[in-house]
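Chain order of the listed sequences is Y and D. Okay, so the first sequence: first residue is 1 according to the working numbering, each after it adds one. Okay, so the second sequence: first residue is 1 according to the working numbering, each after it adds one.
The hints are simulated quantities; they were obtained by calculation from the structure and are not laboratory data. Careful: at least some of the hints might be erroneous.
One copy or two, it doesn't matter: identical chains are merged, so the pair holds either way.
[Said to hold, decoys possible] Distance condition first, Cα-Cα at most 16 Å in a straight line; then the derived EDC-like pairs of lysine to aspartate or glutamate: (1) 68 to 21; (2) 45 to 78; (3) 56 to 78; (4) 74 to 13; (5) 4 to 90; (6) 24 to 43; (7) 113 to 91; (8) 45 to 13; (9) 113 to 78; (10) 45 to 110; (11) 76 to 3; (12) 113 to 13; (13) 74 to 39.
Protein chains: 2
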Amino acid sequence: MLEKVAWMNMLYDFYGQLLTDRQKDLMELYYCHNLSLSEIAGEFKVTRQAVYDTLKRSEQTLSRYESKLGLAAKYKTERNRLACAAAILEECETAQSSDRLQQARKIIEEVLKM
Amino acid sequence: MLEKVAWMNMLYDFYGQLLTDRQKDLMELYYCHNLSLSEIAGEFKVTRQAVYDTLKRSEQTLSRYESKLGLAAKYKTERNRLACAAAILEECETAQSSDRLQQARKIIEEVLKM
Numbered sequence: 001m002l003e004k005v006a007w008m009n010m011l012y013d014f015y016g017q018l019l020t021d022r023q024k025d026l027m028e029l030y031y032c033h034n035l036s037l038s039e040i041a042g043e044f045k046v047t048r049q050a051v052y053d054t055l056k057r058s059e060q061t062l063s064r065y066e067s068k069l070g071l072a073a074k075y076k077t078e079r080n081r082l083a084c085a086a087a088i089l090e091e092c093e094t095a096q097s098s099d100r101l102q103q104a105r106k107i108i109e110e111v112l113k114m
Numbered sequence: 001m002l003e004k005v006a007w008m009n010m011l012y013d014f015y016g017q018l019l020t021d022r023q024k025d026l027m028e029l030y031y032c033h034n035l036s037l038s039e040i041a042g043e044f045k046v047t048r049q050a051v052y053d054t055l056k057r058s059e060q061t062l063s064r065y066e067s068k069l070g071l072a073a074k075y076k077t078e079r080n081r082l083a084c085a086a087a088i089l090e091e092c093e094t095a096q097s098s099d100r101l102q103q104a105r106k107i108i109e110e111v112l113k114m
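For reference, chain Y alone in the conformation it holds in the complex (with noise of 0.2 Å):
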């Protein structure tokens, strides 16, 4: 659950803005403020359904966009490559070993490839 949550966030971090102004308030209420169904559903004076609704259609909709154009999970890939080689940049610069600075580089490399 936890899991989808950051997902979600991640989604409407690169689509959100394809979203309705609507859509943008209900998805901020609840996955960036963890604001329950049914206290949104009584700060907009609508049904508790009608909010699941409008979330279930606004995550469909992120969705979409992400299988289309794979952005977000690109960019997941990249920052674990990037952290990786930021750790091994660290150790390098105690240890001043360059071997571990030539695989740095070539992991950043790869990234400039993707």
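Mind docking chain D on chain Y? Use the hints.
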């Protein structure tokens, strides 16, 4: 003009999958394979104007996605920063200067925060 071509190629890489099949075909022939409007018109048995209109609409669609999401511009900035980091590392591998190493790591960490 060359810069526009490179930028359109980039927008096409990012958002091309949101175009129709027809739009994708024309964009690829024009921007990736460098065919002229008349050559494409001949290929598809339509007027040169029809090709022009389809390309214009496709460009507008891609630009609209970019103006909402800004992902290509962000990617370009990141790439430039990473290329800087890779160059610094290459230099470090011979000189083993720990100041420059730290500089490279800072750039990577900066990109990770983007």
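The hints, checked one at a time:
1. Taking the closest pair of Cα atoms, residue 68 and residue 21 come within 16 Å of each other only across two copies (13 Å); inside a single copy the shortest separation is 22 Å, beyond that limit.
2. Taking the shortest alpha-carbon separations for residue 45 and residue 78, neither the intra-copy value of 42 Å nor the inter-copy value of 43 Å comes in at or below 16 Å.
3. Taking the shortest alpha-carbon separations for residue 56 and residue 78, neither the intra-copy value of 28 Å nor the inter-copy value of 33 Å comes in at or below 16 Å.
4. With identical chains, the CA atoms of residue 74 and residue 13 are at most 16 Å apart both within one copy (14 Å) and between copies (13 Å).
5. When the C-alpha separation of residue 4 and residue 90 is checked against a cutoff of 16 Å, the pair qualifies neither within a copy, at 31 Å, nor between copies, at 39 Å.
6. In this homomeric assembly, residue 24 and residue 43 come within 16 Å of each other (Cα to Cα) only inside a single copy, at 15 Å, whereas the closest approach across copies is 43 Å.
7. For the homomeric pair residue 113 and residue 91, neither the shortest alpha-carbon distance inside one copy (24 Å) nor that between copies (20 Å) is at most 16 Å.
8. In this assembly of identical chains, residue 45 and residue 13 lie within 16 Å of each other by CA distance neither inside one copy nor across copies; the values are 27 Å within and 42 Å between.
9. For the identical chains of this complex, residue 113 and residue 78 are neighbours both inside a copy (10 Å) and across copies (12 Å), given an alpha-carbon limit of 16 Å.
10. Taking the shortest Cα distances, residue 45 and residue 110 never come within 16 Å of each other, neither inside one copy (51 Å) nor across copies (43 Å).
11. Only within a single protomer do residue 76 and residue 3 lie at most 16 Å apart by alpha-carbon distance; the minimum there is 13 Å, versus 29 Å between protomers.
12. Within a single copy, residue 113 and residue 13 get their C-alpha atoms only as close as 23 Å, which misses the 16 Å cut-off; across copies the closest is 14 Å, which meets it.
13. Proximity of residue 74 and residue 39 under a CA criterion of 16 Å is satisfied in neither setting, with 34 Å inside one chain copy and 35 Å between copies.
Hint check: violations occur at hints 2, 3, 5, 7, 8, 10, 13; the rest are consistent with the structure.
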